[in-house]
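Undergrad: With full-length UniProt numbering, the residue at position 14 of the sequence shown is 14, and numbering never jumps.
Just so you know, the hints here were simulated from the structure itself, not pulled from any lab data.
One thing to keep in mind: the hints can contain errors.
Said to hold, decoys possible - Simulated restraints on C-beta separations:
1) Ala43 / Val362: 33 to 39 angstroms
2) Lys246 / Gly199: 43 to 49 angstroms
3) Phe185 / Leu227: 50 to 56 angstroms
4) Gly199 / Arg116: 46 to 52 angstroms
5) Asn42 / Asn79: 15 to 21 angstroms
6) Leu147 / Pro52: 50 to 56 angstroms
7) Glu357 / Val56: 20 to 26 angstroms
8) Asp78 / Gln47: 25 to 31 angstroms
9) Ser20 / Asn187: 15 to 21 angstroms
10) Lys67 / Ala268: 40 to 46 angstroms
11) Arg54 / Ala203: 58 to 64 angstroms
12) Asn79 / Lys44: 20 to 26 angstroms
Cβ coordinates follow ideal geometry from the N, Cα and C atoms, glycine included.
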Amino acid sequence: MSAHAAEPLVVKIGHVAALSGPASHLGRDNESGVRMAIEELNAKGLQIGGRPARFVLLAEDDAGDPKQGTAAAQKLVDNKVNGVVGHLNSGTAIPAARIYADAGIPQIAPSVTNPRYTRQGFKTTFRMVADDAQLGGTLGRYAAQTLKAKTVAVIDDRTAYGQGVASEFEKAAKAAGATIAKREFTNDKATDFTGILTGIKAAKPDVIFYGGMDAVAGPMLRQMKQLGIQSKFMGGDGICTAELPKLASGQVPDGQVVCAIAGGVDAAQRPALDKFKADFKKKFGIEVQIYSPYTYDATKVMAEAMVKAGSAEPAKYLPVLQKISYPGVIGTVAFDEKGDIKNGALTLYTFNRGQREELGVVR
1 MSAHAAEPLV
11 VKIGHVAALS
21 GPASHLGRDN
31 ESGVRMAIEE
41 LNAKGLQIGG
51 RPARFVLLAE
61 DDAGDPKQGT
71 AAAQKLVDNK
81 VNGVVGHLNS
91 GTAIPAARIY
101 ADAGIPQIAP
111 SVTNPRYTRQ
121 GFKTTFRMVA
131 DDAQLGGTLG
141 RYAAQTLKAK
151 TVAVIDDRTA
161 YGQGVASEFE
171 KAAKAAGATI
181 AKREFTNDKA
191 TDFTGILTGI
201 KAAKPDVIFY
211 GGMDAVAGPM
221 LRQMKQLGIQ
231 SKFMGGDGIC
241 TAELPKLASG
251 QVPDGQVVCA
261 IAGGVDAAQR
271 PALDKFKADF
281 KKKFGIEVQI
291 YSPYTYDATK
301 VMAEAMVKAG
311 SAEPAKYLPV
321 LQKISYPGVI
331 GTVAFDEKGD
341 IKNGALTLYT
351 FNRGQREELG
361 VVR
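Please work from the sequences and hints to get the whole structure.
TA: As structure tokens, this is what we get:
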């Protein structure tokens, strides 16, 4: 028995994100967070059920495509992973969740904000950030109440994420007294918005909200400048990246963009997150994009549940994961009965001189 007990227990952690396509910089950021956590866990020499645990990463690319997402999920299930951190996008994580649930494998999504993700009723589904209902709703109220916007135009990219966050923004802005002057849509591969923006310019909105990712928001901002549109430009976490000014070819007037990232830390938690960011930069030679602290914590949370359960078997550590309270770099990680993060924060940002600047944390 003792010989068997000393055998290392191999724990496979799956990670899926867009490692190719326009969101690949975010996908690589997510994967690096998992990689960093796994290296630290292995260096620590954790024991699970009396056996030394060795964590290994099984990384897959879903290119942000739902079909590829379900294929990647099936591959991880076939490889008998013990848990999954991912996916990056709502559009791939939602269909993949069913595959993991059918196999009984816990899935912690670090950056998925579509409310539907945790509302499918699966016991294996968890998320690390506030959802679109909270994010879009907060931005809609902020537009009407803080920015005093009387009229807004809303554009979305027709993805699960883009439509979801835009609809929540529209609902909240309207409820707070703003008028929706225009509701338009594009797609997540588009590069020319002249038609849409010319129509919007005529409506003279105080705010233009875009539900989508930075790869589209950048060119849209550049074309707004060319057309002389000075409306505030708002969006969710998809546009709120350090890359945005570069993607807009530097055409982002100071203070024009107001965006929110699902997540954020209060002042007391700041030193831990700053340390993580410094360690990350030292290790990978690149700044944190957005969500690597969340994939890092998700990996550590999974390991903690396994240690507490004395088993890496999904069925055995899942009940522990559901009740976990873990002090992560993003703050305390605990989940509600749907698998949503408890007390999820949002951080508001703008851009000045091409740099992202924090406006504050809201809950």
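Undergrad: Confirm or reject each hint.
TA: Consistency of the hints with the structure:
One distance hint, 33 to 39 angstroms for the beta-carbon pair Ala43 and Val362, holds here, with the actual separation near 36 angstroms. Judged by the Cβ atoms, the range 43 to 49 angstroms given for Lys246 and Gly199 is violated: they are separated by roughly 28 angstroms. Look at Phe185 against Leu227: about 19 angstroms separates their beta carbons, and that is not inside 50 to 56 angstroms. Range check, Gly199 to Arg116: Cβ separation about 30 angstroms, and the 46 to 52 angstroms hint is violated.
One distance hint, 15 to 21 angstroms for the beta-carbon pair Asn42 and Asn79, holds here, with the actual separation near 19 angstroms. Between Leu147 and Pro52 the beta carbons are some 55 angstroms apart, a value that agrees with the proposed interval 50 to 56 angstroms. The hinted range of 20 to 26 angstroms is not satisfied by Glu357 and Val56, whose Cβ atoms lie roughly 39 angstroms apart. Hint check: Asp78 to Gln47, Cβ distance near 28 angstroms, so the stated range 25 to 31 angstroms holds.
Checking the proposed 15 to 21 angstroms range against Ser20 and Asn187 shows it holds: the Cβ atoms sit about 18 angstroms from each other. A beta carbon spacing of about 43 angstroms between Lys67 and Ala268 agrees with the range 40 to 46 angstroms that was offered as a hint. A hinted range of 58 to 64 angstroms for the beta carbons of Arg54 and Ala203 is consistent with their spacing of about 59 angstroms. Range check, Asn79 to Lys44: about 24 angstroms between beta-carbon atoms, so the 20 to 26 angstroms window is met.
The structure fails to meet hints 2, 3, 4 and 7 from the earlier list, while all remaining hints are met.
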